[in-house]
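K.L.:
Sequence:
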Amino acid sequence: MEPMRLFPKRTPSRREAREVVADGAVLPVSVVESARATRLTLRIVPGGKALKVTIPPHVSDRQVDQFIDRNRNWIATRIARIPDPVDADSGALIPYLGRDHRIIHLDRLRGVVEAREVAGEPALLVPGDPSRVTGKLAAFLRARAREQLNLAVDGHCRSLGVRARSIRITDTTSRWGSCSTTRTLSFSWRIIMAPPEVLDYLAAHEVAHLREMNHSQAFWDHVRAICPDMDRHKSWLRRNGARLHSIRLD
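Our numbering applies: residue 1 is where the sequence shown begins, and numbers increase by one.
Accuracy of the hints is not assured; some may be wrong.
[Stated by the list, open to error] In the SDA-like style, the derived pairs of lysine to any residue whose C-alpha atoms are separated by at most 20 Å in a straight line are:
1) Lys52 with Thr38
2) Lys136 with Leu106
3) Lys52 with Ile79
4) Lys49 with Ile75
Simulated from the structure, these hints should not be mistaken for laboratory data.
Whenever a hint applies, use it, and build me the whole structure from the sequences.
P.N.:
What follows is the structure in structure tokens.
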């Protein structure tokens, strides 16, 4: 691995560009000031496409650069662990509902994507034009994600006595889900690649925000009440999330 170098602008403000170069990859660094932050924190955006530094108010640009520099070994190690991208094309293996499935193109024009066993191996069967395999597969995964998340959200809303205004399915890399002040819940469709119980945890997490728009102890008590094994599922997502973001369905 070649040495990592930092290339901040000469006198950058928090909103100006910074870059980290590690192992030949150039990653943008976003610096976000938060009134709730009590210390500087650094995270790699899922998929390894960027770095995000969260800072308390009144932190200087010099302190930000020093913080990034002190953590250069951590950054390089984490970047090295990011899985190589996988093109979701015929023959590739991608996770679906927590199990690896082989993508198989079917030589027929009509039909829908199906998940079933082929020769004892889980498979995703994709009919139609070979050039549209990834597009049809992406539509299938988004639809299944919406279907399963709708069910999970409805169940958890009943348990907590709350109601979501709407559910949005997105492909954000910064977070797996969110809850807006308008009571709209947003989720990354990629969660459909995780085990069903992990998807259920994510739904429980966001539904709990309809009661507590924070991460206080009261919030976590709500999550645990409707998802007792939340620690295990949260850990799974932390360990395996990068792989889910490595699947390319462009």
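K.L.:
Of the hints given before, which are not true for this structure?
P.N.:
none
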